[in-house]
Amino acid sequence: MSTSKSGRRSLSAGKRLDWILLAPGLAWFSIFLLAPVGFIIVISFFGFTPGGYIPGFTLEHYARVITDPSSQTLLLFSVRLSLTVTALSLLIGYPVAYFIGMKMKGMVKKTLFLLLFLTPFWVEYSTRTVAWLPVLGQGGILNRVLMGVGIISEPSALFLFSEFSVTMVMVLGYFLFMIFPIVFAMLEMDPTLLEQAEVLGASRWKAFYHVTFKVSLPGVVVGCIFVFVISMADFATPRVLGGAVMTMPQVVVMQTTSAANFPLASAYATILVVVTMVVVMLLLRVADVRRLIY
Amino acid sequence: MTEEKPRRDFLKIGSAAVIAGIIAGVGGYYAGGAGAPAVPVTKTVTQTETETVTQTATKTVVTQTPTKTPTVTPTVTPTVTPEVITYGVYPNYQQPPPTTEPTLIKRAGISMGWPLETDTMFERNWSNYTIDAWTVDIGSLVGAGITGKSYEFDIYDDHSGLAGLLFDMVGGYKGFDIKNLPRWREENIAPVVWDPPSVLTQDPLMAEKGYIEPAWVGGREGMHKTAKCLWRFYNSDSVCYNPEFIERPPSEVNSWAEILNREWKGKASIQDIDVIVIAEWAAYLFRSGQIGPPEICVNDPTPTEINQIIDFLIDHKKAGQFKAFWPDLGFASSLHILREIVISDAWQPAVYFGREAGVPHYYGELDFSEGGYRCWYWGSGVTFREEKLMPSVYFLLDWKLSGEHQAFQTTLGYTDATYTSRESKEFCGPELYDWSFNGKKTYKPTEEAVPGEMPALIRNALFLPETYTWSKEKGTPDPEGNLRDGEDIKTRDSKTGTIQVFATYGTEITEGWKRFKAS
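Just so you know, the protein sequences line up as chains A and B, in that order.
Residue numbers for the first sequence follow this note's numbering, so the first one is 1 and each next one is one higher.
Residue numbers for the second sequence follow this note's numbering, so the first one is 1 and each next one is one higher.
Be aware that a few hints might be false.
Here chain B is said to cover these stretches of chain A; the calculated rule only asks that three of the stretch's residues, wherever they fall, bring their Cβ under 8 Å from a Cβ of chain B [claimed, not checked]:
id, stretch
1, 13 to 22
2, 124 to 138
3, 219 to 232
4, 255 to 264
Think of the hints as simulated: they come from the structure by calculation, not from any bench.
Note that CB positions come from ideal geometry on N, CA and C, so glycine has one too.
Excised from the complex, chain B in its bound form (with noise of 0.2 Å):
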């Protein structure tokens, strides 16, 4: 009896518990269901193409002679010719899709924000297509490698920091060949993307490691043949401070060490993230001379190089310079937005985000000297899920090429592989196109773009190129006119410190970080 009492009850909770665990089962099941991305819509579209033919017709005349025995032998042999259409440059653009028929493709990487706008943008300019697009980040990438599960996608998104690891390392990832992209042409494709080294003059070595080692298979003998990662956009990371306590232009804030000035201990944050950090602090201690010259790379610090980063940074951390460490884009911008810090390093579009919630911000024009400006490029990766994809797979990879996805891009601050192509001028237009790239001003005095009494150095930080009206006309630059922060696109190349790489010894980077964090 004694035995049985809590035998039974033992058996009662069993149960219960059983039948608790499958109704929490089915109805997670079908939570889950309703929470999944939706199956995507068959849809029937009909979509003309019309082709220019020439026709030739090639006809042999017989003269007739009167003879007893005509013979008459006409050959007619119509030829037809093609007109043979050159995708990707003027004015042919962009091909027309592989397939009309409702085509599904997956992509791994950010799901929210910019890239699935311009995933958005894609499915209404062809609405057979439906752009699958999921979260995977870096440890699910390495994951899905090392298990052969990356054929579970057809591109992933990528970026200089990865496809090393991805490609060299973990194995999984294979290259595609360039030329099935008809937009990958010399006179669409920025000089520094082209050839990077022949653009940074300043550390070529820096630009080979940084631009073409991650890119191509076979690194320079591979360029433009089979890329790892599909070379999309670029840009130069910087400083991001408030000027309501930093009183000073963009063109006064050129170094990193802005952000360890004892003006503004307690109130200076840098990232959370440690191959970074490291990457922006050996830029400015090498190119400022206080360590080096380095033994391999600015972009890629041996460990004794690394432990003098990090005594060098534990020394600013002791003395109370930082505030926080931000592990992303929203946590850094809500710090800005708080006030809780005035000066840290940034991403594109930390500022634009500050702006769009009313506090003034810019980006520091960072010297050479001091470290310069930290870049990286970001691109897609192919998996070859389905062979009979392929052909949408490229034709959305180009479409990423286009002057359309440029001027999306160029109001967010990036800048793509295209950007000096005759497409992404004229899906600019002038104004914009001159104020990204060639650091002219707006048309319209920055007053119009930000009313209300403030002086300029506010008014000009609180300036969103994604709300001013853009003219497609070629205008006159106003004197009173927003200038972009961040200088022309010729002066940020000139001034790249270091490219964001895979490091060789990410382990001493991550013990050094850790290091730091203790201290």
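If we strip away everything but chain A, and leave its shape as in the complex, we get (with noise of 0.2 Å):
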């Protein structure tokens, strides 16, 4: 690094160079992202009254929450769903991941290829969830399949309407948003370090582990963090597809519109946040997602 005067400043004029091209973002994350999250929790410390709030500071609203037996049910059940959604992504989505970055020749064929999983995506999000009543269903093409090879005698109730329906129908939705960090991370991976593990006598799959999984860990981790917070927040699946399924949005959603609380769908909006905030700071300690980046 060159230590000179002419060296300093065009360190101290790229600095601002990088904060002017950081500015406009900045401004939007700020305005439109962190401005309503702080509104929403300063309201969830204010008094009730319907259709409004009280200004002040009361913690009710979180004691309601935190004491009530059904929502720390919902809490748990959420966090458990989201898990289980990303869990279930990685597994289906990192075999993928690993034939497009590592078993594909050629850059166009991956980019078509991850496009075409881009396509499902060109369907608003609550068509392609109600688009799945008359598949799941008791009349549904699955439990048809299903009877027709003799695996079941009769429809089963078991895919619609369950824990099972919306798990299947969030991993399906969100598998995608594993894939892409864990294709870039072993794009980013130099392809000779196998060849030298091998040559150094390290057996396929010690070199897959120490090599080809160690280097896509980042987007590993990139990627459960997408799955679990967008799994976190989605609110219309369950509703739809889970009977008597709830998660916490729905609840935030219930506050607001059926008995205009603002201050207690605030306080469940802000430990939904807080718990999601949690797990991802988890898996920020797996590995170093900065090596995406660098």
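Join the two chains, each given in its own frame, into one complex according to the hints.
Here you go:
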């Protein structure tokens, strides 16, 4: 690194340019994400009046949420569901990402294949969700196929309005967010590393674990964060396909629309955000995701 | 060097991101413009009005007498007295529009389905008007009231379950003078709307809280003076069931408890809307004597009563009674059409959606002692966006009380506030009117409307009022004609078990529902 005066000038000019380039994005992020979240947190400490709030400071809403057994059940269920979706997305997504990142030759082929996974997202989300009804229902395609091949003798009620249907639809909807970061991480890998490992006597599995998997680990972490966060916030899939399944986002919406209790809804939302961030922070300790950027 | 490379890479990525963001933003701007509501088309409309004017002239006739100085003072003072036309009654139902200039009215509420069809009907009648419908849900209406943005639209869809919240709690909305609506006269308005407790004698307090307080500023004192929410139509919600599985006529499905019949275990559904579910089951439990009497009113359970209702429902949920919980009308209809469920609570026109898909459905005819019908009324509120637009806004609201509007609503199963008016009877025609309101059969046998080999129970459950050709001439009901399920209007009114209101203990209802879903 140069330590001359012209070097120091180019560094500070470079830093200024960095901030200039960052400024629009930071401003947008601050105004339209940080500020509203801040308002929600502030309102969660206000007093309740139907259809509004009384500015002040009270912990009664948090106390209500934390001490209520059904809130605890719902929160734990929401976390469990999201972790299950994340794990299954990883299980399905990693082999696909490995195939695209390591086995496919040529960036054009890789890009086209990745675009193929994007096509379901050209259909609007709630339409995609509702479209599962005739597929998973008792008279649906899945039941008919299973009955046709003799796996079941009569239609099963398991596939719709159950935790199974919610999990399955979420996994199919979100595993794409697992594949992309893992593929990008694998593309960063020096392909000669695997050869070198084998030359040095490592078995194929050892070479995979110590080289490929560890290089892809930041991508795995980022993918898990994406899938977990989106699953925690998913309101529509449990509502439409879950039957008796209920998650925390539904409670937030209900408190807003049915009871017009904004402070309590804000308290639910804040707790949801905090729990999500705790899990994200734990995931970030698994690998250094900055390696994906630099 | 080691620091320069990441910085260069970062700058490259950052520049690319900013450029991509600009392109996306510009593209999104134009895409949003393409999808935006159409700009009102400027149309030149020439409308001629004819008025009958009676002229009377008074003349003073001077008789000339032969004098040296004749004085003649003719005085002619013609006075024109225009005939006063009273609109809203026979034969002058419809007043002319207040303007022929292109006029845009913004409506906030539901922007698809039948509300959009009625907007189109109005625009067809008076082509200088355009109604710009915005989809605005309850949360947004509340937010608009709080932030003062309610003045971005002229009228909004309102109902008995919401008016109390928007007016009394949120603020930002104000009442409007009912005398600006020519059709709002006692001879036009149904007695249950004009004075609800006098008709709903089975529970006058329920009528007071459900039908008067949400509609009028000042409640009973403000009746027919200042409206919070113009009462346009009301309905009686009931149980919806498939007679392929529940082989009984509507008169034998007379209780909300039929949803809890273990014969339909795993094939029943209730709504995923807490305030409505509590209202239905509160009515059932109070009216059947299993809990109560209510501390406030059947419409408005207290926290203790809410917990009793939730505990009751939890027992049935744990027994596996409910297959699913439906959040909206389309979803409920899908569940019935796919035959995932055989019985549920339902809104109008869920039964007709099922019939359109070829799946037979009925509404149950509920007894008052088994909960009775869950009623609600739907209407419009006014926000006074622009003073100069108000005559047109009132003109639109008055048209929503017309016979034309009623006739359309009737085919969907709704009952307008003006269903007793002569205008409604003329527009509906005798057959549709008697079928909808007076419990009479159709003039043609059901087999003509629903051909094919099938039992009468199924055939009648496939009859669609929208596709039947209704006679405009008085005729005779056919013994094999279709009888509307849901009984005649007077009987339905007498069996009103509860009226949807904005509950005092909404938070407790939501918390209770959360406990129910988590159980």
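Which constraints among the numbered hints does this structure fail? Numbers only, ascending.
3
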